[in-house]
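Visitor: In case you want the letters, here they are:
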Amino acid sequence: MKNIFSIWQARKNSNSDFEELVAPHIDRLYRLGYRFSGTRHDAEDLVQELLVKLYPRSKELNNIEKLGPWLSKSLYHLFIDQARRVTNSPVALAEGIGIELEAVACVNAGPDEYMIRQQQFARLENALFTLNFDQRTLVAMHDMEGYTLPELSSMLDTPLGTLKSRLHRARASLREQLAEK
Amino acid sequence: MQCAELQQHIDDRLDDQLSEMECAAMDRHLEHCADCRGAFAEEKAMREALMDMPVPDASIGFAARALRRAAAANAVSHHPVRNRAFMGGFAAALVAGIVLWFVSGVVGPNGELATSQPQLAELSISLYETRRVKLSFNTPENMEKVRVSLVLPEHVELEGYPGRKQIAWFTKLHKGSNVLTLPLSALRSDKGIFTVKIGTGEEQETMQFYLNVAKPGFSTLEAPKSA
Chain A
1 MKNIFSIWQA RKNSNSDFEE LVAPHIDRLY RLGYRFSGTR HDAEDLVQEL
51 LVKLYPRSKE LNNIEKLGPW LSKSLYHLFI DQARRVTNSP VALAEGIGIE
101 LEAVACVNAG PDEYMIRQQQ FARLENALFT LNFDQRTLVA MHDMEGYTLP
151 ELSSMLDTPL GTLKSRLHRA RASLREQLAE K
Chain B
1 MQCAELQQHI DDRLDDQLSE MECAAMDRHL EHCADCRGAF AEEKAMREAL
51 MDMPVPDASI GFAARALRRA AAANAVSHHP VRNRAFMGGF AAALVAGIVL
101 WFVSGVVGPN GELATSQPQL AELSISLYET RRVKLSFNTP ENMEKVRVSL
151 VLPEHVELEG YPGRKQIAWF TKLHKGSNVL TLPLSALRSD KGIFTVKIGT
201 GEEQETMQFY LNVAKPGFST LEAPKSA
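Quick note, the sequences are listed as chains A and B, same order.
Going by this note's numbering, the first sequence opens with residue 1, and the numbers climb by one from there.
Going by this note's numbering, the second sequence opens with residue 1, and the numbers climb by one from there.
One chain only, chain A, in its complex shape (with noise of 0.2 Å):
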């Protein structure tokens, strides 16, 4: 085990590339995360993870013409993918997907309206909770984070009808969750 803590210094200064082409993307990345996950922490983690899958790749990121989206799009994938071990693991399931609203500065509102908004924010994040994971990550990247349709098309390699028959389901499936409330 000596080895592998001494490899780990060794390597310290080794990442230069990997942070050059990354950094500029890992705030965009975050964000999504959060729409993802609902939670800063699992944002993190999300983030944290796809940073060490990818860190090998450093000399095939550089050859990515629009980086941006295809880190998006692993984003996704990767957070699909760990939503359905979460699913299949009884140890995960412990944990279960938080629904956190955590605290944010509100500018240029006063407390009966900072109060109104946080009201009608975690009912809408509860709501976006009921989604499955398909949908709540394509609200999350059109509705939320602004992607475009052509944009979704091309990076989840789905035709653009079919987003919009999926996002058209997720939207109404939104509104009667927001209506029952």
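Worth double-checking, as some hints may not be accurate.
List time: in silico DSSO-like cross-link candidates among lysine-lysine, alpha-carbon distance up to 30 Å [as the list claims (entries may be wrong)]:
#1 B/K134 / A/K53
#2 B/K197 / A/K53
#3 A/K164 / B/K197
#4 B/K175 / A/K53
#5 A/K53 / B/K172
#6 B/K175 / A/K59
#7 B/K172 / A/K73
#8 A/K73 / B/K145
#9 B/K44 / A/K73
#10 B/K134 / A/K73
Covered stretches of chain B (in silico footprint by chain A; criterion: 3 or more residues with CB under 8 Å from a CB of chain A, positions within the stretch not fixed) [what the hints assert, rightly or not]:
#11 53-67
#12 183-189
Reference listing, derived: stretches of chain A covered by chain B, where coverage requires no fewer than 3 residues with Cβ under 8 Å from a Cβ of chain B [said to hold, decoys possible]:
#13 51-57
#14 118-130
Honestly, the hints are just simulated from the structure, not real lab data.
The structure displayed is predicted, hence computed values, not measured ones.
Beta carbons: idealized from backbone N, C-alpha and C, even for Gly.
Following the hints, put chain B in place on chain A, whose structure we already have.
Guide: Then chain B, alone, in the frame of chain A:
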């Protein structure tokens, strides 16, 4: 344009998927139909609320820390391991390296990994606080039916499994990094050994760590021992 047709195309309109002519037809209908105006306004408000939903900032230093951890994790998993415990059979096939971290950080103030060499790793958690410990297993290939078992010390339990000190299950490992999240809660101040075994059939790897219930905000990571 009729009401039913209009309401079918609200999504398209808000997604900029309608032609100018279709938008104009929709606007003409909206001018004199209160029901459709209501439906359109409601959908638009929902979209705006979704777009406005806040995202809290990542924890301070997250990006730099995540990059450092990615490099550290791969320095382990992509180097041939010479330790005898990892040679041959399942051990060689399964775990080239084991990375362990807390969600909220086990690294030093500058993000460095602790590298001192005691007999066992020591993980500190706070009393009554759930701490998510992560174990990462790196495998060079997909593996079916891998048995994972946990033996917890008396003073710690796995969230959702009150009173259970031994928990085992079968799972698949995917090629590359597999992360196991363990939400651990401390029941009292104490120190004990936490054992994780992972393997197929008779071949298995054992990792052991001290779990120390410490004052809030204090945590350490030191080298795990492979048996």
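Visitor: Decide, hint by hint, whether the structure agrees.
Guide: We went through each hint and held it up to the structure:
At most 30 Å may separate the alpha-carbon atoms for a hinted pair to count; B/K134 and A/K53 meet this at roughly 16 Å. Distance hint between B/K197 and A/K53 is fulfilled; the C-alpha atoms sit about 23 Å from each other, no more than 30 Å. At roughly 46 Å between alpha-carbon atoms, A/K164 and B/K197 are farther apart than 30 Å, so this suggested pair is violated. Among the hinted pairs, B/K175 with A/K53 is consistent with the structure: their alpha-carbon atoms are about 10 Å apart, no more than 30 Å.
Proximity of A/K53 to B/K172 is assessed by CA-CA distance (about 18 Å); at most 30 Å being required, the pair is judged to hold. As the CA atoms of B/K175 and A/K59 are separated by approximately 20 Å, the hinted pair is consistent with the 30 Å bound. Restraint check for B/K172 and A/K73: satisfied, since their Cα atoms lie roughly 24 Å apart, inside the 30 Å limit. The suggested pairing of A/K73 with B/K145 holds, with an alpha-carbon distance near 29 Å, which does not exceed 30 Å.
The straight-line distance between the Cα atoms of B/K44 and A/K73 is roughly 27 Å, inside the 30 Å bound, and the hint therefore holds. With a C-alpha separation of about 24 Å, the suggested pair B/K134 and A/K73 falls inside the 30 Å cut-off, and the hint holds. Counting residues of the stretch 53-67 of chain B whose beta carbon lies closer than 8 Å to any beta carbon of chain A gives 10, which reaches the threshold of three, so the coverage claim holds. Note: the stretch 183-189 of chain B has 1 residues with beta-carbon separation from chain A under 8 Å; the three-residue rule is not met and the coverage is violated.
Coverage of a stretch by a chain is defined here by at least three residues with a beta carbon nearer than 8 Å to that chain's beta carbons; for the stretch 51-57 of chain A and chain B the count is 6, and the condition holds. Given as covered by chain B, the stretch 118-130 of chain A passes the check, having 4 residues with a CB less than 8 Å from a CB of that chain where 3 are the minimum.
The structure fails hints 3, 12 (numbered hints given earlier, in ascending order).
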